[in-house]
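For the protein sequence lines, the chains are A and B, in the order given. For what it's worth, my numbering labels the leading residue of the first sequence as 1, then goes sequentially. For what it's worth, my numbering labels the leading residue of the second sequence as 1, then goes sequentially.
It is possible that part of the hints are untrue.
Quick list of the computed label-pair ranges, beta carbon to beta carbon [stated by the list, open to error]:
#	chain 1	residue 1	chain 2	residue 2	range
1	B	Pro17	A	Asn147	31 to 37 Å
2	A	Asp67	B	Ile10	58 to 64 Å
3	A	His159	B	Ile194	42 to 48 Å
4	A	Asp190	B	Tyr131	40 to 46 Å
5	B	Gly92	A	Glu111	35 to 41 Å
Rather than coming from a laboratory, the hints here were simulated on the basis of the structure. None of these values were measured; they are calculated from a predicted model. Every residue, glycine too, gets a C-beta built ideally from N, C-alpha and C.
What follows is the residue order along each chain.
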Amino acid sequence: MESTEELQFSDDEEEVTAETVLKTLQSAWQNERLSPEILPHQNDMVECMLGQIQHMERNINKLSKTDLRTSIHKMEISRIKFIICNYLKTRLNKIEKYCIPILNQERQRIETDTNYLTPSEYKYAQEYVLNMENHMKNVVLNKMPGNMQVFEMNKMAEHPNLQTHVFLKANETINGVVLEDLTGEDEEIDLEEGSQHILQYKPIADLLKNGKVTLL
Amino acid sequence: MFAEKVIELIKEVDRNPDTIDQYNDEKIRQIIEEMHLLFKLNMNDANATTENRSLWTTVQVRHSALERNKRCILAYLYNRMKKIKTLRWEFGAVLPPDIRELLSDDEYQWFSKYSGNLALYMRSLGQDIGYSGIDLTENLKPPKSLFIEVLCVVDYGKLELEDGDVVMLKKNSRHYLPTSECQTLIRQGILKQIM
Numbered sequence: 001m002e003s004t005e006e007l008q009f010s011d012d013e014e015e016v017t018a019e020t021v022l023k024t025l026q027s028a029w030q031n032e033r034l035s036p037e038i039l040p041h042q043n044d045m046v047e048c049m050l051g052q053i054q055h056m057e058r059n060i061n062k063l064s065k066t067d068l069r070t071s072i073h074k075m076e077i078s079r080i081k082f083i084i085c086n087y088l089k090t091r092l093n094k095i096e097k098y099c100i101p102i103l104n105q106e107r108q109r110i111e112t113d114t115n116y117l118t119p120s121e122y123k124y125a126q127e128y129v130l131n132m133e134n135h136m137k138n139v140v141l142n143k144m145p146g147n148m149q150v151f152e153m154n155k156m157a158e159h160p161n162l163q164t165h166v167f168l169k170a171n172e173t174i175n176g177v178v179l180e181d182l183t184g185e186d187e188e189i190d191l192e193e194g195s196q197h198i199l200q201y202k203p204i205a206d207l208l209k210n211g212k213v214t215l216l
Numbered sequence: 001m002f003a004e005k006v007i008e009l010i011k012e013v014d015r016n017p018d019t020i021d022q023y024n025d026e027k028i029r030q031i032i033e034e035m036h037l038l039f040k041l042n043m044n045d046a047n048a049t050t051e052n053r054s055l056w057t058t059v060q061v062r063h064s065a066l067e068r069n070k071r072c073i074l075a076y077l078y079n080r081m082k083k084i085k086t087l088r089w090e091f092g093a094v095l096p097p098d099i100r101e102l103l104s105d106d107e108y109q110w111f112s113k114y115s116g117n118l119a120l121y122m123r124s125l126g127q128d129i130g131y132s133g134i135d136l137t138e139n140l141k142p143p144k145s146l147f148i149e150v151l152c153v154v155d156y157g158k159l160e161l162e163d164g165d166v167v168m169l170k171k172n173s174r175h176y177l178p179t180s181e182c183q184t185l186i187r188q189g190i191l192k193q194i195m
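Given these sequences and hints, build the entire structure.
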């Protein structure tokens with residue numbers, strides 16, 4: 001089996017190693033699991049890692065079955081696969097749960113080209129809502145009296161709780177994070193690099209999407 | 001009393017949060033009947049309110065009852081949809097007959113559509129780099145070891161492994177198999193993991 005150096009990308013200009021891709025993917029997974037709302041997709045990382053897996057699997061096949069390295073690498077692959085699957089699944093669960101608000105927001109985001117969902121996720125979400133609507137219409141709504149037949153999107157929508165508290169770690173020093181107070185008195189705090197906090201999700205949502213903080 | 005039946009429906013779901021019950025066709029029909037009745041009464045009174053303002057309250061109460069009925073029925077359906085979704089992840093695209101019976105025809109249709117949509121999404125994963133898709137319903141648990149010991153519960157027949165080996169799965173036979181390849185069979189109840 002080749003050493004990790006050979007797993008580097010042929011594209012030397014960017015100098016991304018398989019290791020950094022995996023790390024990015026791991027933190028994306030961690031953030032996605034812990035944040036209440038859906039985060040921008042990391043499709044490049046996922047595809048990159050899938051390519052690596054393919055590469056590794058091919059290498060493993062060259063080895064004999066009883067080689068110790070085979071099982072070690074296979075274990076590694078199944079761990080990475082688990083991360084990818086769980087990451088994608090977490091996203092799917094959120095998409096299903098908050099499908100209506102996500103789709104509404106996503107329509108605006110697509111116009112500015114800052115979409116959070118991958119094209120196939122977007123398609124999935126649209127189809128999901130459509131199926132739900134059709135199902136409810138077919139089963140009960142169409143049988144109800146005239147003025148009750150409408151499928152009210154905004155009444156069916158479930159919203160993520162952005163007021164929930166999260167544990168986070170600052171990746172760099174950030175000054176002047178504004179925390180809103182119920183009494184109307186805003187408080188400003190500074191996050192030092194490497195420090196850990198418990199804060200409400202909403203004020204730090206943008207920092208998380210920019211990669212300035214990580215959820216724990 | 002208005003909206004009494006619908007509460008029974010909600011309670012039914014609430015009582016068994018983890019399992020799915022038989023679709024309550026009869027009750028849904030009764031509730032919709034009640035709604036039509038309320039609606040008709042309201043129409044009559046609403047036309048009369050122009051002269052007689054005292055009927056206003058009655059109309060409003062009936063309208064609230066109608067809205068409540070609608071909301072609760074939708075909640076009932078939505079809740080069942082959530083449960084049916086988990087069935088897809090547990091059993092795959094084909095449902096065992098005893099569970100299939102619990103769904104109404106419309107629900108089964110919805111299940112097929114959901115299942116198809118999910119399959120379409122899973123196939124699209126990694127397509128740009130020549131992947132034929134990933135099955136997200138595998139790898140549900142973090143991998144602990146590559147191989148696990150399993151007990152075969154039913155006569156299943158031959159199982160071909162990824163590396164080409166063929167294993168004969170007979171009732172009460174024990175095997176040492178790759179974890180990734182027996183997850184689905186374990187969920188289907190064909191194999192049992194021996195701890």
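Here's how the hints hold up against the structure:
Distance hint check: the CB atoms of Pro17(B) and Asn147(A) are about 33 Å apart, consistent with the given range 31 to 37 Å. The supplied range of 58 to 64 Å is met by Asp67(A) and Ile10(B), whose beta-carbon atoms lie about 59 Å from each other. At about 45 Å, the CB distance of His159(A) to Ile194(B) agrees with the hint of 42 to 48 Å. Between Asp190(A) and Tyr131(B) the beta carbon distance is about 44 Å. The supplied range of 40 to 46 Å therefore holds.
Range check, Gly92(B) to Glu111(A): about 38 Å between beta-carbon atoms, so the 35 to 41 Å window is met.
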